[in-house]
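Participant: This is what each chain is made of:
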Amino acid sequence: MSASGSNPQPPRSDADRVVPTSLDALIERDNAQGLIAPDSDCVVSSRVRLARNLIGYPFVHRATPDQLNDLVHRVQSARMSGPFQAGVRWVNVQATAAIDRLLLFERNLISRPFVESPHPRCVAISSDETTSVMVNEEDHLRLQMLAPGLQLQPLASRMFALDASLERSLEFSFHPRFGYLTACPTNVGTGIRVSAMLHLPALIMLDEIDRMKRAAKDMHLAVRGFHGEGTEAIGDFFQVSNQTTLGRSEIDLVEEFTLSIVPQFVAYERTARQTLVERDPASLDDRVFRALGILRSCRLLALEESLKFLSRIRLGVALGRVSDVTLAQVDRLLVEVQPAHLARSMGHELNTAQDEELAKDASPHTGKNRDDRAARATMVRASLNA
Amino acid sequence: MQRECDCCPEIAVVHETLVRDGVKSEVHLCVAHAQERGYILPSSEGPTLIVSKLLEQTKPVAVRAARACPVCAMTMAAIRAAGLAGCPQCYSFFEGDLGLIIERAQGGATVHVGRHPEHAGELVDRAAMRNKLAKELREAVSREEYERAARLRDALLQLGVPVDKNEVDIAFKIGSQGDEKDGAPS
Ligand SMILES: [Zn+2]
Ligand SMILES: [Zn+2]
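So the sequences go chain by chain: Z and G.
Quick note, the first sequence lines up with residues 1 to 386 if you use my numbering.
Quick note, the second sequence lines up with residues 1 to 186 if you use my numbering.
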């Protein structure tokens, strides 16, 4: 595109490198550390997103590079409260290496389109990695908060506080009839997207997942895969989120997700798990411990395989059938087996061509080459044999 | 072949190909929406006659260029092609067209409910919005779009503004007979 051609990327500096700190935002904490996230046997994580746009600028796809840079500066100079008070890291995504952009995506801190967008763009990440603000995604601002387990209500109230704090320095476009205005008409109104990442292995094993998907459709929910938008469900993980944003308050929506929608899926899954335990415990244990055996001994491991087996181990841990592995360990591995994390753990500075290829491949099924599979196997073995 | 209007399920009678910055886009409009956008149609003739006349033409009959947003220059055709509005102002400029698109995308919802920026609290001109919705309600009734009319009535009541008694009566009558009369758009 001419826009990126006339706007050469500045040289990479250390400041633009993203150094992974912790995965605590995404995962269940170890028992030893105390807290267990609510419903984490079936709910991996909760997420709340808000779309906001400033008045006086065209939407991102119609804005000039100057306007987009101006937007970044406006947001950077705004005071952000809540999780950002303890510390904020601004990442200039346009100037960041492809592998690090992908790393942020694998960590759910930025969206897939944000990895590859042609626009000047930045993301603010809170030091605890629970919260991020993408500037110049499809909308000027996309605010996002993550938490392990089912925690949509606390997330939402923290999100509203952050939104209110930003509103003190930024004027958001709002229409009396259509609410908060967004580039895409499907997001106007509240601009809120709430989602829960569900782990539903028993429903898959009992072939009842279509029932769940039909129920989701009846409730006007979007069902997506491990990485949200545009990804297939892999390894028994499903993200459910609201499809409409107009005509219902944020509070009603969050309440419905918390009290009705997610508990309903959790109840389906728990019933299915109980059925598996009662009907044929030996067969269930075989699946779980076979998966554990493979991951503890394998020498080459592809991504799809690792997700499949980690899912079974997660089921075994949640049912108390595996006692020497924690949910936290499994959830951490689910992130660490992914391509950018793996490449980072191998200490690979991928060359630019490989780097770009890695980031462009929209499917998560990368890492087909032998070295990656060997490295993934080594990493998973080390964790599960510890 | 008959084509739907870009803005509603009616059959389009105006068919125009626009070329802007080398990008081709098509506009298809029903009688009502064509008139709303300033296309001049032979008004004394019935829709059927207009259709047959227009079908004879090989080049566009429209007399003026499609309206563009004064701030970002997007036309409705461009917005439809991109699936995105160009700027916040587009929503006011194309309120009618975008309102219908939003309604379809948002499961029939017509009006925002929920949080709003502090600065907008006093700006929300409920009376103006009420007038707009009431006008759309009357139009929906006259087009026998009862399901939509019922939703607009709900939106009006939701606004919490005093609603004209006659209108509410009409709306409630609609609501009670709505279901069977409102066919799905073809
Ligand atoms: Zn029309
Ligand atoms: Zn505009």
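Simulated from the structure, these hints should not be mistaken for laboratory data.
Backbone N, C-alpha and C define an ideal beta-carbon position, used for all residues, glycine too.
One should not assume that every hint holds.
[Said to hold, decoys possible] Listing some non-contacts, in silico: residues in chain G with all C-beta distances to chain Z over 12 angstroms:
(1) Cys8
(2) Glu16
(3) Ala105
(4) Arg115
(5) Lys132
[Unchecked claim] Sample of chain Z residues facing chain G (criterion: CB under 10 angstroms; computed from the structure):
(6) Phe59
(7) Ala63
(8) Pro65
(9) Arg168
(10) Phe174
(11) Tyr180
(12) His220
(13) Glu250
(14) Cys298
(15) Ala302
[To be verified] Computed footprint of chain G on chain Z, listed as stretches where at least three residues anywhere in the stretch have a Cβ under 8 angstroms from a Cβ of chain G:
(16) 48-58
(17) 239-247
Participant: Look at each hint and say if it fits the structure.
Facilitator: Right, here's what the structure says about each hint:
1. Cys8: holds, 15 angstroms
2. Glu16: Per Cβ check, G/Glu16 is outside 12 angstroms of chain Z; nearest 23 angstroms; holds.
3. Ala105: violated, 5 angstroms
4. Arg115: violated, 6 angstroms
5. Lys132: Since the minimum Cβ distance to chain Z is about 7 angstroms, G/Lys132 lies within 12 angstroms and the statement is violated.
6. Phe59: holds, 6 angstroms
7. Ala63: Cβ of Z/Ala63 sits 9 angstroms from chain G, so the hint holds.
8. Pro65: violated, 16 angstroms
9. Arg168: Holds - the Cβ of Z/Arg168 comes within 10 angstroms of chain G, reaching about 8 angstroms at its closest.
10. Phe174: holds, 4 angstroms
11. Tyr180: holds, 8 angstroms
12. His220: holds, 6 angstroms
13. Glu250: holds, 5 angstroms
14. Cys298: Violated - the Cβ of Z/Cys298 stays beyond 10 angstroms from chain G, reaching only about 44 angstroms at its closest.
15. Ala302: It is violated, given that the least Cβ distance between Z/Ala302 and chain G is near 35 angstroms, above 10 angstroms.
16. 48-58: Satisfied; 4 residues make the cut.
17. 239-247: With 5 residues closer than 8 angstroms to chain G, the region 239-247 of chain Z meets the three-residue bar; holds.
Comparing the model with each numbered hint stated earlier shows that hints 3, 4, 5, 8, 14 and 15 do not hold.
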